[in-house]
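For the record, the sequence lines run as chains L and E. Residue numbering for the first sequence follows numbering that gives the first Met the number 0, beginning at 0 and increasing consecutively. Residue numbering for the second sequence follows numbering that gives the first Met the number 0, beginning at 0 and increasing consecutively.
Calculated from the structure, these hints are not laboratory results. Any given hint could be a false lead.
As the list claims (entries may be wrong) - Straight-line Cα separation of at most 30 Å, DSSO-like style, residue types lysine-lysine; simulated pairs:
hint, chain 1, residue 1, chain 2, residue 2
1, E, LYS596, L, LYS331
2, E, LYS545, L, LYS491
3, E, LYS639, L, LYS487
4, E, LYS545, E, LYS576
5, E, LYS541, E, LYS504
Stated by the list, open to error - From the derived model, a few chain L residues whose C-beta atoms are all more than 10 Å from chain E:
hint, residue
6, VAL27
7, ALA196
8, LEU198
9, ASP333
10, ALA412
11, ALA454
12, THR469
Where is the CB? At the ideal position from N, CA and C, for every residue including glycine.
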Amino acid sequence: MSDDAQPISILIAALGGEGGGVLTGWLVDAAMRSDLPVQSISTPGVAQRTGATTYYIEIYPQTNASLGSKRPVLALYPSPGAVDIMVASELIEAGRALENGYVAPDRTTLIAATHRVYAIAEKSAMADGRFDEQRVLRAARELPQRAILMDLTRNPETRSLILNSVLLGAIAGSERLPIDTETFRDAIRHAGKMVDANLTAFEYGLSLARGAIRQAEPEPELEPPASPPRGLQALVSDAAHSFPADALAVVELGLERTADWHNLRYARRYLDRLKPVLETERRVSHSELFPLTAEVARHLALWMTYEDLIRVADLKTRADRFAKIRAEVRAKPDEPVRTREFMKPGVEEVASLLPGFLARPLLRWADRRNLTHRLHVPMRLTSSSAFGFTLIWLLARMRWLRPYGSRFAEEQAAIDGWLDTVRRLADRSPDLALEVARLPRLIKGYSDTHRRGLANYRAIMDGLVAPLLTGDGANDEEAATRIAEARKAALKDPDGDALAETLRPAPNAMAAQ
Amino acid sequence: MERSFKSEVDLLRQGDGDVFEGEGILAITKGLLQAGVGYVTGYQGAPVSHLMDVLSDAKGLLDELGVQYQPAANEAAAAAMLAASINYPLRGAAVWKSVVGTNVASDALSNIASAGVKGGALIIIGEDYGEGASIIQERSHAFAMKSSMWLMDPRPDHERMVDLIDKGFELSEASNTPVMMEFRIRACHLRGRFTAKDNKKPTHSRLNPLTEPNFDYDRICLPPSTYLQERHKVDVRLPAARQFIKEHRLNEIMDGPRNEIGIVVQGGHYNSVLRGLQQLGLADAFGASQVPIYCLNVTYPLVPEEVTAFAAGKRAILVVEEGNPDYLEQAINAELRKADLQTTVIGKAVLPMAGEYTAEVVLNGLVGFLEGAVPTGVDLAGLANEQTRVQDLKDRAGALIGAPVPKRPPGFCVGCPERPVFSAMKLVERQVGKLHVSADIGCHSFSTLPPFNIGNTIVGYGLGLSSASAIGPAFGDKRTITVMGDGGFWHNGLTSGVGQAVFNKEDGVLVIMNNGYTSATGQQDIPSSKGPDGAPMAMSIKRALKTMGVKRVSLLSTYGVGPMVKALRRALTTKDKGLQVIIADGECQLARQRRIKPARRKALAEGKRVVRTRYGVDEATCTGDHSCIRLSGCPSLTIKENPDPLRDDPVASVNNDCVGCGLCGEVADAAVLCPSFYRADIVSNPNGWDRAVDAVRRSWIGLLQRLARPRHQLAQPAE
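Taking the hints into account, I'd like the entire structure generated from these sequences.
Written as structure tokens, this is what we have:
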């Protein structure tokens, strides 16, 4: 017996409630079946409730029989730099393990699922709060002695595999443990729960770790760009003539979207609005690239297709939507799916479809009675029933009414105002214009969310942008930075505290006055 | 309770020579039975809940042995039950989470410790300290010292832990003193094995009842007995304990060749010290250390002769003692001074005063100690290498990843019935302004974390309402809200909170989360837990409140956000005086799923019609503002890449963990967020009627959909 054999350490990082305990149980059982000294630790408690949690296992690589009366003292804590197999059930948990030094280039096999389960801070951000995955992935590939990484969520055929048992298979296949593959299978069989499904997943993990299979890159889900609908073809070829390559893709999307939202005439209007911006940028830019045009094309398309009641009804009654729902809820072909909608248009949304002479008094009345935020038309409709569907479908057919509605006129005026500002500033400073072009990103959502976004947009337009139009352009560079900061601040908190802070004049400027 | 612990109970039945394999806390339970325990009580809490879970499922076994098992209403009640050992030779054990449980128990504990015990009294405490702990970070050590109880801290090894339970009872009897035995989180959840022994029947029980009550005024905690008892503690019990500890070698000395230095360690940290030494090349995997180790399985009282004998002849010793104050380091210093030994004592100088002693912390402490002590024959340069290696590793990873990865705090489970109440509170705050909320202990304290950030204070289990008594009036006419769980309500909230508020005619709003269990500790039953028929098995919260004189009690389903908003607003603004109570009723989703999932699987397998409900988000209408997430935080409500190439912000999305509680739809509706949520009912094994209706609906819908294709798309060739 050699005295220098060291315990093999396995650290499992998982999310509470994911069943990391089951994986740990299998490993312990497999080690015991192999007569190896083993010890495992879990730290349940509150972390079990959806938080990050870890399991730690030590296995001594010599059998109890060969050790006689000697028993190794196994540790209760993992030591950074001294983990042999690091298992992570999710990418950021792998990142956390890397950060904490549990993955060593001279020792550690990293077995990690690389899909994302977003943390609350990432999810609740008002825009895009997601952590940079690519950097974690790079570290996960570069740092360990060996990396076995997998993303089961990318392909439909692996999506239904049980992650725990895939990981167990990968541990077995990594050949870092002196345990027979069959013994791992026995552990699964002995536990006796969903044995077949677990064994199937185990085999997948095993082959993956042995290099017998490679995870296929997912098929690009986007179909090859279809030729535009015939009615749009004229507009698309018009665009192709006038617009540079880097903006064209966005313009085509914009054309399709505006046509889809209203009609071909509206799509033509989109193109007409965009051309002056392109001309301006051509005049002032010395580059082959047209970032301003592309950015305006994007936001213009989104703004022109604002989400009104008709649009929502239209999207909710489309055939591909129901197909998507069936796929998302994993309904089998023979299973009927009933869908129920939670639509609750408020006074403003209803008024927006009425012509101004009716909308204005209605809104004034609601405002006087303090009802603007409180009066709604609850529409809990079963969209899968003939009645419910027909009702929503009829609403969607009312798009011809749109141009007569008060909101339509307001939005078009606001769009023109924004375009005008962008063009005028572009003459002076394309960078500044680009920042202004990005501002409509703040306007999104419905009801309160929409009101808040619009208020933020206006606050920045009035507070920061409007004064620039009369200025001499001396501070354009600084202004661009301030506008960018204000845009980010507006997306920081829903109460607008950060934005208010950003828009407040600097204290020294006040003192100077 | 919805879980079954049958396989664990089978382990408890093991006899002589069987190999027990399982978690530490279960081994401890087995140890109690092997030691002939007569009664067991306690209050659930991580990391020792499992002991109670298993015993409550072990009625048959306990009846055979004549062991009484009674879950207590709270830790004070559990401690009070140890009174059975004051007059009679009856072995008993009480269990709870510490330090909080010991705090609650301390009134009874002080009295029992003063009276002294005839039968062995063991207090098993789960020392909830460090990573994974959910409570204030304090040591239980001080309680042992101030009440003259003994504190054991067994080395985490199943064989040793079980043996020390037996020894703990003997120590208690030999010194007439209750013994506290602490197990840290990891020791409780340590899976290992030991060779079992037969269970022992207690000396007295239902099977062999006591006949004569014992009256002994010396055992009454009133003067003048209390003066006698105090003297007995120092004159008799303490020396007897030290004698016993020494004689039975409860502490362990592992000698080693580098005996100019030594390490004194709390039993619970022995493995970490050994692993550290191993990493530094100073120990092998089997516990043979080059540096002598004095492992304290009893950390109070110290045995002065043992301490001085270990320190004598050593230049320096390291004391590995987690937490603060550094009682052991101080006591060892004092003992050495008294013995006039010049050995240098190093402890908190190289180890942190606060925080858990993880492997890394201990390793760094060992390196610090060795670098200072400079023992002959140890390569100091090599020591630092290990530290630098680990630091380099972290630095490299940090540089590659760029920024610290996002934290993942715990939160409400998918479909938790408590979440909607806080969604409602957020919405009420929009109407009446920010509120002062006195929070309490329980799952609901997750409200203090993102995305809710609701709850201004937490001061103890069931103490939410009492903690609002002084702050309430300070806010004038604007009422404050208290949140209390049903667990906390029965633990002591009923008397210290509701009783006090009614008696003092306090104005305020109390929300009681009635999820049916003490959910945070593993869904143990409480007085208002419901039986199979849906009625409370023992007591009803509503009736209890009425009896206490509360006039305004409303019972609402937690999932109706709209009605909850209304009820909260009414309670906050009503002109009626007095306590306004809202009972938010919704069963713990973990327990519920544990019950209905197997039933559903079975029905599906039998080909029965089953309707599954879940929610979803229309990606086409979602604009990616995530208000819905900020008002919910449900783990199954997440985000995904925006399928719209024109948009950057990810869209909300409901994943397949959804249990269909409906909160996201309710919130979207109550807060008028957006029309993107939908509810889907999926009918598995549909019957003929389902199929027929579906076919008719689909053909009608299909017809309308074909009619509606925009004109510019009609020209497209058919697919």
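Hint by hint, here is what the structure shows:
Taken as a hint, the LYS596(E) and LYS331(L) pair is honoured in the structure, with Cα atoms around 19 Å apart against an allowance of 30 Å. Pair hint LYS545(E) plus LYS491(L) does not hold up; C-alpha atoms about 46 Å apart against a cutoff of 30 Å. Distance restraint check for LYS639(E) and LYS487(L): the Cα-Cα separation of roughly 21 Å lies within the 30 Å cut-off, and the hinted pair is therefore satisfied. Of the pairs offered as hints, the one joining LYS545(E) and LYS576(E) holds, with about 16 Å between alpha carbons and a cut-off of 30 Å not exceeded.
Taking the CA atoms of LYS541(E) and LYS504(E), the gap is near 19 Å; set against the 30 Å cutoff, the hint holds. Separation of VAL27(L) from chain E is inadequate, the least Cβ-Cβ distance of about 6 Å not exceeding the 10 Å criterion. Every Cβ of chain E is farther than 10 Å from the Cβ of ALA196(L); the closest lies at roughly 12 Å, confirming the non-interface assignment. Listed as outside the interface, LEU198(L) is consistent with that label: its C-beta sits roughly 19 Å from the nearest C-beta of chain E, beyond the 10 Å cut-off.
Consistency note on ASP333(L): stated as away from chain E, yet its beta-carbon is not over 10 Å from all of that chain's, at 7 Å minimum. Taking the minimum C-beta to C-beta distance to chain E, about 22 Å, the non-interface status of ALA412(L) holds against the 10 Å cut. Separation of ALA454(L) from chain E is adequate, the least Cβ-Cβ distance of about 14 Å exceeding the 10 Å criterion. With 10 Å as the threshold on Cβ separation, the claim that THR469(L) sits away from chain E holds: the shortest Cβ distance comes to roughly 32 Å.
Hint violations for this structure: numbers 2, 6, 9, all remaining hints satisfied.
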